[in-house]
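*Asks:* Sequence:
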Amino acid sequence: MNVILFHEGICPSGTSWHQRLREAVDEAVLAEECGFDGYAVSEQHFASGEAITSSPEIILPYVAARTERLRLRIASVNLLPYNHPIRVIEQMATLDLLSNGRAELGGARSNNPYTLDAFNVDPKLTREYRDEHLEIIGKGFTQEKLEHDSEFYKIPPRKMSPWPVGRRPVPVHLSATSIESHEEAGAMGVGAMTGLSILGWDYAQACIDAYRKGARNARNVAGAITTRQALFSVGVNCHNDRATALATTKENTLRFIEVIMDWMTKLAKRSEGYEYFAAIEKIRQNMHDLDYLIESSPYIMAGTPDELIKRARRLHDMGIDDVIWRIDGMGHENNKNALKLIGKEVLPELHSWREHAQSTPSSTWNTQ
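So the mapping is simple: this note's numbering equals the position in the sequence shown, first residue as 1, plus 62.
What the hints contain is simulated information worked out from the structure, not anything from laboratory work.
Certain hints may be false.
Okay, derived cross-link-like pairs now, DSBU-like style, lysine-lysine, Cα gap no bigger than 30 Å in a straight line [claimed, not checked]:
| no. | residue 1 | residue 2 |
| --- | --- | --- |
| 1 | K328 | K372 |
| 2 | K312 | K406 |
| 3 | K201 | K216 |
| 4 | K344 | K186 |
| 5 | K406 | K372 |
| 6 | K221 | K201 |
| 7 | K312 | K331 |
| 8 | K186 | K216 |
| 9 | K207 | K221 |
| 10 | K328 | K312 |
| 11 | K186 | K201 |
| 12 | K328 | K186 |
| 13 | K186 | K331 |
| 14 | K216 | K312 |
| 15 | K275 | K372 |
| 16 | K312 | K344 |
Generate the whole structure from the sequences, applying the supplied hints.
*Replies:* In structure tokens, the structure reads:
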């Protein structure tokens with residue numbers, strides 16, 4: 063099982079945006095030293111310190127220059143008109159060249175109504191935009207000349223430059239929250255990153271099963287078929303004392319739960335295709351109970367090394383290939399301490415587990 067460090071640039075009280083971005087890069091470098099397999103940065107807008115990673119395509123090349131081994135993933139670029147697919151192709155190819163073949167693309171529809179409204183995107187069209195982006199990206203990574211003609215994008219024949227390392231497509235993954243979107247990701251031949259496991263262990267298993275169902279008849283949409291599933295966890299912290307682990311991550315984690323409750327309930331009420339977000343209401347009465355949130359789902363990972371290993375093992379047995387752990391928002395020193403302890407006590411065990419037979423081996427992503 064691979065472990066990917068995930069940052070959104072959360073700024074605790076008293077931490078400037080400038081300081082937090084510099085710290086995040088230092089933490090990525092430390093993560094490589096500690097044995098982490100990858101580093102991921104999300105695309106966030108208008109979060110005012112809750113998350114400041116609005117330009118992951120700039121952050122990741124900076125990290126690439128200071129690391130040698132980490133896989134580098136945008137998790138996830140919003141596959142919407144303000145991120146034109148040609149620009150996404152160019153950015154990923156450039157990152158891949160600068161990092162010697164370590165780039166990975168994560169994509170998403172966006173679940174943030176503030177972002178959708180600011181860029182004047184109709185939420186009812188986000189699935190269509192997503193699908194069209196993936197088709198164009200697949201063409202751009204594989205065809206001598208990219209050409210596309212549809213309602214949303216009219217692209218005359220153009221030769222893309224640069225190409226990724228070895229002229230091979232970078233691995234593509236989709237952030238997925240609904241059971242339906244997991245099956246769609248599998249059917250389109252892209253990896254899935256499960257992002258709504260706060261709804262419980264059973265919901266996570268349903269998403270895994272749906273992805274595997276879709277992947278059984280995968281089409282090559284994005285340039286190459288990737289059948290690999292990851293799961294996002296937030297509030298990740300590790301300490302030899304469980305109470306300390308929870309206390310250190312509690313404030314920023316519960317604040318994040320409040321934020322996503324706001325986003326999702328608003329989209330569920332107003333937008334076709336997001337109705338399933340209303341299911342998050344079932345946790346409202348326990349949304350400030352960190353112990354309950356940790357025990358009821360894999361969405362929050364905080365505890366001792368043995369507890370993190372036990373929960374990761376459960377995910378691996380369910381079918382998850384990789385975990386994407388957001389270690390962020392606790393202050394630089396606390397973040398670093400968690401990275402060091404995970405590297406020493408947790409990663410060796412997770413790395414010893416065999417990869418799933420039906421999954422694309424991560425070894426095929428090595429630099430070329």
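*Asks:* Hint by hint, say whether it matches the structure.
*Replies:* We went through each hint and held it up to the structure:
1. Distance check on the hinted pair: K328 and K372 sit about 35 Å apart at the alpha-carbon level, beyond 30 Å; violated.
2. Under the criterion of a C-alpha separation no larger than 30 Å, the hint pairing K312 with K406 is consistent with the structure, at around 23 Å.
3. Under the criterion of a C-alpha separation no larger than 30 Å, the hint pairing K201 with K216 is consistent with the structure, at around 14 Å.
4. At roughly 24 Å between alpha-carbon atoms, K344 and K186 fall within 30 Å of each other, so this suggested pair holds.
5. Only pairs whose Cα atoms come within 30 Å are accepted, and K406 paired with K372 is accepted, the gap being roughly 16 Å.
6. Proximity of K221 to K201 is assessed by CA-CA distance (about 11 Å); at most 30 Å being required, the pair is judged to hold.
7. As the CA atoms of K312 and K331 are separated by approximately 29 Å, the hinted pair is consistent with the 30 Å bound.
8. Using a Cα cut-off of 30 Å, the hinted pair K186 and K216 holds, with the two alpha carbons roughly 21 Å apart.
9. Of the pairs offered as hints, the one joining K207 and K221 holds, with about 4 Å between alpha carbons and a cut-off of 30 Å not exceeded.
10. The straight-line distance between the Cα atoms of K328 and K312 is roughly 25 Å, inside the 30 Å bound, and the hint therefore holds.
11. Between K186 and K201 the CA atoms are separated by roughly 25 Å; this keeps the pair inside 30 Å, and the hint holds.
12. The straight-line distance between the Cα atoms of K328 and K186 is roughly 14 Å, inside the 30 Å bound, and the hint therefore holds.
13. Straight-line distance between C-alpha atoms of K186 and K331 comes to about 12 Å, which keeps the hinted pair within the 30 Å bound.
14. As the CA atoms of K216 and K312 are separated by approximately 48 Å, the hinted pair breaks the 30 Å bound.
15. The hinted pair formed by K275 and K372 meets the criterion: a straight-line CA distance of about 26 Å does not exceed 30 Å.
16. At roughly 20 Å between alpha-carbon atoms, K312 and K344 fall within 30 Å of each other, so this suggested pair holds.
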